[in-house]
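Chemist: This is what each chain is made of:
4 protein chains.
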Amino acid sequence: MTDRNAVEVRDADEPALDPAGAVLAVEACGICGTDARTFFNGDPRAPAPWVLGHEPVGVLEQVGPEAALPPGVELGGRVFLGSILTCGQCRPCLDGRQNLCDHHLLYGYDPFPGAYAERAAVPPIAVKNLIPLPPDLPSELATVVDPFACALNGVEVLDIGLGDTVLILGSGPIGCWQAVMARDRGAGRVFLCDVNRQRLDLALGAVGGFVDDAFLAGDDNGLAGLLERTGGAGAERISVAAPSKQAQQAALEMAAKRARVVYFAGLPKHDPVSPLDMNQLHYKELAILGAYGATHRQYRITMDYLNRRRDELAPVVTHQFPLDKIGEAFDTIRAGTGLKLVVVP
Amino acid sequence: MTDRNAVEVRDADEPALDPAGAVLAVEACGICGTDARTFFNGDPRAPAPWVLGHEPVGVLEQVGPEAALPPGVELGGRVFLGSILTCGQCRPCLDGRQNLCDHHLLYGYDPFPGAYAERAAVPPIAVKNLIPLPPDLPSELATVVDPFACALNGVEVLDIGLGDTVLILGSGPIGCWQAVMARDRGAGRVFLCDVNRQRLDLALGAVGGFVDDAFLAGDDNGLAGLLERTGGAGAERISVAAPSKQAQQAALEMAAKRARVVYFAGLPKHDPVSPLDMNQLHYKELAILGAYGATHRQYRITMDYLNRRRDELAPVVTHQFPLDKIGEAFDTIRAGTGLKLVVVP
Amino acid sequence: MTDRNAVEVRDADEPALDPAGAVLAVEACGICGTDARTFFNGDPRAPAPWVLGHEPVGVLEQVGPEAALPPGVELGGRVFLGSILTCGQCRPCLDGRQNLCDHHLLYGYDPFPGAYAERAAVPPIAVKNLIPLPPDLPSELATVVDPFACALNGVEVLDIGLGDTVLILGSGPIGCWQAVMARDRGAGRVFLCDVNRQRLDLALGAVGGFVDDAFLAGDDNGLAGLLERTGGAGAERISVAAPSKQAQQAALEMAAKRARVVYFAGLPKHDPVSPLDMNQLHYKELAILGAYGATHRQYRITMDYLNRRRDELAPVVTHQFPLDKIGEAFDTIRAGTGLKLVVVP
Amino acid sequence: MTDRNAVEVRDADEPALDPAGAVLAVEACGICGTDARTFFNGDPRAPAPWVLGHEPVGVLEQVGPEAALPPGVELGGRVFLGSILTCGQCRPCLDGRQNLCDHHLLYGYDPFPGAYAERAAVPPIAVKNLIPLPPDLPSELATVVDPFACALNGVEVLDIGLGDTVLILGSGPIGCWQAVMARDRGAGRVFLCDVNRQRLDLALGAVGGFVDDAFLAGDDNGLAGLLERTGGAGAERISVAAPSKQAQQAALEMAAKRARVVYFAGLPKHDPVSPLDMNQLHYKELAILGAYGATHRQYRITMDYLNRRRDELAPVVTHQFPLDKIGEAFDTIRAGTGLKLVVVP
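Protein chains in written order, with numbering that gives the first Met the number 0: chain A, 0 to 344; chain B, 0 to 344; chain C, 0 to 344; chain D, 0 to 344.
Hints listed in this document are in silico derivations from the structure and should not be mistaken for laboratory results.
Treat the hints with care, as some may be off.
Once the Cα atoms are required to be at most 25 angstroms apart in a straight line, the calculated DMTMM-like pairs of lysine to aspartate or glutamate come out as [stated by the list, open to error]: (1) D:K268 / C:D219; (2) A:K268 / A:E227; (3) B:K283 / B:E252; (4) D:K324 / D:D158; (5) D:K268 / D:D101; (6) C:K268 / D:D218; (7) C:K244 / D:D276; (8) D:K324 / D:D303; (9) D:K283 / B:D303; (10) D:K268 / C:D218; (11) A:K283 / B:D270; (12) B:K283 / D:D94; (13) C:K244 / C:D276; (14) D:K283 / C:D270; (15) C:K283 / D:D158; (16) B:K324 / B:D12; (17) B:K244 / A:D109; (18) A:K283 / B:E227; (19) A:K283 / B:D158; (20) B:K283 / A:E227; (21) A:K324 / A:D42; (22) A:K244 / A:E227; (23) B:K268 / A:D276.
All chains should be built: construct the whole structure from the sequences, respecting the hints.
Modeler: Below, the structure written as structure tokens:
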């Protein structure tokens, strides 16, 4: 990235090896919504020219003599690098809530260049985030560990019971994965809803087998569609997997008594206020729940989960681009014709 | 109540005994915020002239031959009558969630006249709501079982952990009781906050011994006051015990990471939409939780709790009025110089 | 049943219709382990000659004028009758824990004759236990609602997390169903273990597609088999679905740190004491949990679940017998060559 | 300790300062049951001559240049040293379950000499276990942080609800503290029971104000005493805070339906098998739960709790001994005339 909306592939110096760090030969690196926003709008944490890329899978090519590798990670092994860099010593970290670390940083942002590159440095703080890959898991699928672990965090917060009716609002990659996981939690019915027909069709092409029914959200944001499908009762668990106030509002009307509603996505920083009907919350005793990032435990579970479901989940990765076609990748995101995109250097 | 803002004490016919119901000789009956709103603004469910009063304690003077009295309840015994009338057969009722009964009605509203009277009919549907009084619990204190059980429901939803910092926004009777219960759940610190100095002082006079510190909410709705008292960390549990959008909004900023925030009070029906900063929810992984009414289990626990804490809780009942001074009672509510008021026929 | 081990099919009087009850034209009725024990050993609650059968499905042929049918149940409709008869008024019932009703009785035992018959009376106390059948669910599969709901209760107590390693000890019908549900809760791995090769093979024939691996419990009750398959870590969730002290003991050694272990089955009444190593519990912080019966909510969920999974679950019903071959049914149970058996009048 | 049952106070070399460690000027050090067992019976991890003592409070006299002090800890400050030394990198540690660390060691045992001394080395692995003391908390009371945090872990596992009836079996320091915490969790009634009249009286002298009633366990291990006090219903929460099989067995009979029973204490390593009636577990749906050690979070909560309740908890520390009277301390433990004993160098 040389400027907003501008990308160039350059020869770069080999990354230096920190004595307590490592160097990764990148095999694949996912493109996240955050990368796209950074690319389109700029971000002070990515001063151009900057190398983005924070969902890397690769082979550990070099390991510093003082690096404390996690169990199962070794020189020459294939690993994923979790991007949420944590201090390990604050209260949330000690409590196993690394996603809420008081001092967390993000790999791929200043001061840590990312992995849209052939080689990438693993800074010392990121060494504990290396996770070994199961032998049969393809590298390009493994790049999704990071967003998938966040989706899983959302599903854990949702706390689905056997037989629950689950509604997912938003059919991007997060919504797709949560639909799969909702089914795997024993949901009675899984409904998927989006405002965009093209995106919904893409999603159904990838994970339609896990969904009971899908429908387009019209002027009423999908309310009639859901009530009709539930005999007026609403859904017991709802994930709003879209940064949309309309979806957040509608979710409360769509919720059954004592429903849990997870607002998975954050809203834009300059416009975060959502007008919500609090009597829906009160009289139905709803729970509105935030979900942010993922913990070490959730990264671990995710890796196993991806491996177990690798055939069913592979279709969510709709596009792979070589490094020198990375510009096309961002064009594809803009066009909205893909789900998850991966750069393969 | 003969009209809005108008009340008269009249000689009434003795209530008829339903074969499956009972008749109560009323000893005391609380005045609830709902009664006051009905009195000041009218309510279609209370067609004038109407007898209000849905927090009655009395002696079971007559029992119909087909009435199925709950265990421990008997002719001549002193009882409380829970006002949430439930069908006992819908899904929430069968699941022990009587507060969310699909068909619930309210005692004291059409078609069930209330208990600001010397004698009150117990309709058949209300017989299962009779709860026997412990011998040492004064009748006027027992009238608060209904709102206290609702406050307890809110505290259960709050799910306080040992050592948590708890903030109560709103120092009416509900806020007072929740402060006491927060202390009794082992809260590390209990803070009480209100916008009204007079009400806050009243509250501290009644339950100050259970509170670590109290402060007035100024233009920032108490934000600075709380942050100062918690070293910037915020509160781990917050109950918004006031029908205030400002308090609901501020609570999210006052919340520590992973805090639970209960919006106890409903908002006015014509204006229920609260503009809330959803990035507070997202980045701190908050939970916003509704709480409504109370279950049979919670009524039961409440009666024991009141009995155990009767000396400490008695001061929350600040005023008692004989039936012929009930007009003064509503004047006192309007003036805001009392906490809980009780009519003693 | 005319005596222990003796059964005869007789012409019986038509069951009388109670004004608050109903009469069922039986389409199918399951045989439960309890029926078998009663048949082989006798039971004071089944004074010979006695009609057993407490897992009936049928058509509501007559409905008394005062019967309060649950929503969705109507004259002429196909229903299942839940056998745990509850008072609806005790503390556990009011709390939604009907399985622990203080006064519960069992349909099919004195004073309520059962449903190994063409017609069966539905006594008034059982009317609220009628559950409507989905149109596509075969009657013989629906007979398993009762034991399946109990298995589901066990799975809910087990509280499986996404990715957990789950071990089921005992491969009878309960073990089979719990294996299916464990998979449907998102278990990372599901292992099935039994002491009996024939029963294990029967189980794998029916639900092998839901199980990752199965193994025979030898002298060490399966300990080595499990540790080998988990790299020594043990299982995070274990259901002991067999009335075996050896299995209960071994489960504690097989448990990972902080594992939950459900002892699903009761032990024989004359010999209920199990010698258990409490330091396994202490140093690994285990939870040993009982599970008994099922609630109304669980019956409801079960009916949907069976309907959704009817193709995969059908093979667990290995045998159907006409009423006049019921003797053969008990012979088959004794031989251990079947899983779930159903009588079809 | 120079041999089993033999102790001597000797001049010792000053402890060396590790560059990543620290040195503590000991102000007080508690004597734990484990210390007593080690002293009376020997322990391979305490090769004589050995300095015991793993509950130290002191002033940080020296800090190595590479020591990573936790927030709030500084040279010259008063601190407690938590004795459970953890790796910080294994799965339980990363999940915030340091009490179950795969590699945990114990301060005060080989290779880490303890703190019955004027000065004690803080090895690097223990630096993260230093907790700053609130200014008003006396050092001798702060020595109990370690066992108190374990007691608190037990109370958290117990999961007391508002209004529950709680029974504590065993009235040593753990039982006393759990009684206080049970009251502070809002228990409806707190009962304390012991087999030893002297110990029970000692306990009531210290924490009697938090207990509703106490009784001696006779031949029936207290069963009749509890049933009488609960109208036959039993207790909803039971902590077995005594290493006694009889108490473990009796607890199951004393348990109400769906009760939670925590077996707090481990049994002797050579005799850990407890014969338990599993039909009590089954038919009442009990939970038997282990509790072991404490987490960083629980240490933190404990320190605040002790500070808040310092006046009420002080009486549990019944004896203080100067270092040269440490022999008398062990005599007092043997005589059973004290609750918690502290060495003050």
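Chemist: Could you tell me which of the numbered hints above are not met by this structure, giving the numbers in increasing order?
Modeler: 2, 4, 8, 17, 18 and 20
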